[in-house]
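Asks: Sequence:
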Amino acid sequence: MKELPSSIMPETEEQIARGTGWRHQVTALFGLLTTLYGRDKLRRRARELAALELMDSGGLPEQLLALQRLVFEDDKIQGLPREEEFPRILAEIEDALADRLAR
Numbered sequence: 001m002k003e004l005p006s007s008i009m010p011e012t013e014e015q016i017a018r019g020t021g022w023r024h025q026v027t028a029l030f031g032l033l034t035t036l037y038g039r040d041k042l043r044r045r046a047r048e049l050a051a052l053e054l055m056d057s058g059g060l061p062e063q064l065l066a067l068q069r070l071v072f073e074d075d076k077i078q079g080l081p082r083e084e085e086f087p088r089i090l091a092e093i094e095d096a097l098a099d100r101l102a103r
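1 is the number of the first residue of the sequence shown in our numbering; add one for each residue after it.
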């Protein structure tokens, strides 16, 4: 069987695995926020920080932006993160949540 050109199948197995890993991290972080604040309070905070629609989005960049706004309590954070920024942003969010849990 012939292989498809990369322009048709741009994602490698590594990219797919990495994306799946990031999705799991984002899901876990939303789960942690839900545990910390409760579902209703988290959704209320998301609405106040203009993150509710982003949070409910299926897109990973949108959900990361929602997490940033929620964790850093800043509705002025703009711009969808690019894939190369995902690891740094996830690390910053995890550090901020770890600090919050340590208090």
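Hints are supplied without guarantee of correctness; some may be wrong.
For each label pair, taking beta carbons as the anchor points, the in silico distance ranges come out as [unchecked claim]:
{"hint": "1", "residue 1": "Gly79", "residue 2": "Asp40", "range": "15 to 21 Å"}
{"hint": "2", "residue 1": "Glu53", "residue 2": "Glu92", "range": "31 to 37 Å"}
{"hint": "3", "residue 1": "Thr27", "residue 2": "Glu85", "range": "17 to 23 Å"}
{"hint": "4", "residue 1": "Asp74", "residue 2": "Ala98", "range": "14 to 20 Å"}
{"hint": "5", "residue 1": "Pro87", "residue 2": "Arg44", "range": "18 to 24 Å"}
{"hint": "6", "residue 1": "Arg103", "residue 2": "Gly79", "range": "27 to 33 Å"}
{"hint": "7", "residue 1": "Leu32", "residue 2": "Arg88", "range": "26 to 32 Å"}
{"hint": "8", "residue 1": "Leu101", "residue 2": "Gly21", "range": "18 to 24 Å"}
{"hint": "9", "residue 1": "Arg82", "residue 2": "Thr20", "range": "28 to 34 Å"}
{"hint": "10", "residue 1": "Glu83", "residue 2": "Arg103", "range": "30 to 36 Å"}
{"hint": "11", "residue 1": "Pro87", "residue 2": "Gly31", "range": "17 to 23 Å"}
{"hint": "12", "residue 1": "Arg44", "residue 2": "Arg82", "range": "28 to 34 Å"}
{"hint": "13", "residue 1": "Gly31", "residue 2": "Arg103", "range": "18 to 24 Å"}
{"hint": "14", "residue 1": "Arg100", "residue 2": "Asp75", "range": "14 to 20 Å"}
Since the hints were made in silico from the structure, they are not lab data. C-beta: ideal position from N, C-alpha, C; glycine also.
Asks: Confirm or reject each hint.
Replies: Each hint tested on the structure:
| no. | hint | result |
| --- | --- | --- |
| 1 | Gly79 with Asp40: 15 to 21 Å | 29 Å, violated |
| 2 | Glu53 with Glu92: 31 to 37 Å | 22 Å, violated |
| 3 | Thr27 with Glu85: 17 to 23 Å | 19 Å, holds |
| 4 | Asp74 with Ala98: 14 to 20 Å | 18 Å, holds |
| 5 | Pro87 with Arg44: 18 to 24 Å | 30 Å, violated |
| 6 | Arg103 with Gly79: 27 to 33 Å | 29 Å, holds |
| 7 | Leu32 with Arg88: 26 to 32 Å | 19 Å, violated |
| 8 | Leu101 with Gly21: 18 to 24 Å | 22 Å, holds |
| 9 | Arg82 with Thr20: 28 to 34 Å | 18 Å, violated |
| 10 | Glu83 with Arg103: 30 to 36 Å | 32 Å, holds |
| 11 | Pro87 with Gly31: 17 to 23 Å | 20 Å, holds |
| 12 | Arg44 with Arg82: 28 to 34 Å | 30 Å, holds |
| 13 | Gly31 with Arg103: 18 to 24 Å | 20 Å, holds |
| 14 | Arg100 with Asp75: 14 to 20 Å | 18 Å, holds |
Of the numbered hints listed earlier, those contradicted by the structure are 1, 2, 5, 7 and 9.
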